[in-house]
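K.L.:
These are the residues of each chain, in order.
Protein chains: 2
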Amino acid sequence: MKRLMNAVDAMLDESLDGFAAAHADIVELGADRKFVRRRALSRGKVALISGGGSGHEPLHAGFVGHGMLDAACPGQVFTSPTPDQMAAAIEAVDTGAGSMLIVKNYEGDVMNFEMAGELAAAEGRKIMTVVTNDDVAVPNSTWSTGRRGVAGTLVVEKIVGAGAEQSMGLAELQELGRKVNDRMRSFGVALTPCTVPAAGKPTFELAVDEMEVGVGIHGEPGRRRSKLASADAIAEDMLGAILGDLAPPVGSECLLLVNGFGGTPLMELYLMVNAARRILAGRGLKVARHLTGSLVTSLDMAGCSLTVSLLDEPLIRLWDAPVKTAALSW
Amino acid sequence: MKRLMNAVDAMLDESLDGFAAAHADIVELGADRKFVRRRALSRGKVALISGGGSGHEPLHAGFVGHGMLDAACPGQVFTSPTPDQMAAAIEAVDTGAGSMLIVKNYEGDVMNFEMAGELAAAEGRKIMTVVTNDDVAVPNSTWSTGRRGVAGTLVVEKIVGAGAEQSMGLAELQELGRKVNDRMRSFGVALTPCTVPAAGKPTFELAVDEMEVGVGIHGEPGRRRSKLASADAIAEDMLGAILGDLAPPVGSECLLLVNGFGGTPLMELYLMVNAARRILAGRGLKVARHLTGSLVTSLDMAGCSLTVSLLDEPLIRLWDAPVKTAALSW
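Going line by line, the protein sequences match chains U and V. Note that the first sequence covers residues 2 to 331 in my numbering. Note that the second sequence covers residues 2 to 331 in my numbering.
Hints in this document: simulated from the structure, not taken from any laboratory. Where hints are given, some of them may not hold.
Remember, identical chains collapse to one label, so a pair may be satisfied in a single copy or spanning two.
[Stated by the list, open to error] Straight-line alpha carbon distances no greater than 30 Å define the calculated DSS-like cross-link-like pairs of lysine-lysine that follow: (1) Lys325 - Lys202; (2) Lys287 - Lys46; (3) Lys180 - Lys287; (4) Lys202 - Lys127; (5) Lys287 - Lys325.
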């Protein structure tokens, strides 16, 4: 394992310090680095809080800022943050209008956010939750009951974030988040494994001519191990799974998110955009919006996921609304 | 070699098509994919044109748009674009105020841009050039006479781009570009090699405990092969070379660009930000602006470069000026 690091145990702290310093105009660190929060809060706005294991950067801290999250809790690599972190984040950014917790469907995350939410509710705070589960690859997984929440989570964060800026209330935002989650599906393929620093060796093995089809964002197993295929064949396979499950009406408009897992050159991601567009057009879908980049990563894993998120006019307006975070800005 | 691709020969074209489709609000492709250009040109503004081998994405096409480039010419992977491509780009985006060519110091790029510039000048167009050579690692290299132009090139593109939007003339922009280039230095370290798709095997070999110190953005040799060191020691080494050459006065303000080479997790880049900030503070330098990300890449190479670019008030204003491109937006 080759890493730009000093010591495994210090890696997350040093990285968070660098992140906070580099984006000091937007964020600040909570005490003991329990969370990354917006520097400037809007009183009366519902607070949006997410979090999860580290190693998926820029998710989630990179999405803290105007138009998206108010706080993000970073766990250790591929490890849920603690309820204590989440409770501290809620305490710091809930200005009275309540807090919306956006949680990827992994057992640790769901359990810990639930505990934190109950603690906060017991103190009289209004708390609601949206759990994302956009990954169609497997019905249950190593780390989740039900489908995993993966790259589409950022779409929920962006759209619900825009709604919160526009003064939507807590219940309305929950409905919006669930609507977005219900209308999107993701599917990932890994060409190489990732290496968790504390483990020091790859999380799984892949032969030089193999890929993991339906991989999770921690390198968890997907549907099958296959021979490496062409980009077109991979995109067909991924979109076959996505559209087979989503069953969008012909003529639907969608957002196409092509997400790199960390070790994939951007040139390949745009090549996948091209392949996916052609297939979607063939199915009668219109790609109304694009997002392309390594945004929900698995350390240094090579490969990508595709997310198709159905849009309507209100969702397009919310997607297009201004955002200013470390990782997304328009 | 594992790649998301269909055929090596089609890779660049398919990727460019995906890029142009994903960012159709900002760019369009020239005929035969000779260049990527801004969709909307400003009459009377000096045109900024860059380009170079592909495999460094998002450089340069990802920097086409308001506040940066008007056009970028993509060569094949790690291969200069042709004079024909550059001449076509100049023809397409020069609206009469002249064209500024921003060229990384590699022999092929310099020669081809020179030929294209002469062709355009012979047709009565005003052409000036800024050649970047920010890499302090080696005095000459495999592919360059003199220092290589690397990640700092994007700083020149951003600042000169802002100047062009503010109606600076061609000569003034050339002076500005040279000023930025003169006041910045870069240094890179590779932890793994990269693999050019057409070659199918790594461009160089590195043992599991080695790094290439002073590597170029094509994986060209640097100063030496060393045992992998801690992030702090690497940052010391890199900044020692940069500051030793730049010799900035104590109290200087700078931009710190921590650039990933493509295969480096963002978590590690921010850890390097943290290490670099501490060292710069120890030398009496103030980091006034940050940019962190995989912006000038070498396909899937792991490692990073640091760039220190000295700022003054006018340069900070130009850096902060609005930009709207695929890869940078604020």
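K.L.:
A separate judgement is required for each hint: does it hold in the structure or not?
P.N.:
So, going through the hints one by one against the coordinates:
In this assembly of identical chains, lysine 325 and lysine 202 lie within 30 Å of each other by CA distance neither inside one copy nor across copies; the values are 36 Å within and 40 Å between. In this assembly of identical chains, the alpha carbons of lysine 287 and lysine 46 never lie at most 30 Å apart, being 33 Å within a copy and 35 Å across copies at closest. Only within a single protomer do lysine 180 and lysine 287 lie at most 30 Å apart by alpha-carbon distance; the minimum there is 19 Å, versus 46 Å between protomers. Taking the shortest alpha-carbon separations for lysine 202 and lysine 127, neither the intra-copy value of 43 Å nor the inter-copy value of 57 Å comes in at or below 30 Å.
For the homomeric pair lysine 287 and lysine 325, the shortest alpha-carbon distances inside one copy (27 Å) and between copies (24 Å) are both at most 30 Å.
Violation of the numbered hints given earlier is confined to hints 1, 2, 4; the remaining hints are satisfied by the structure.
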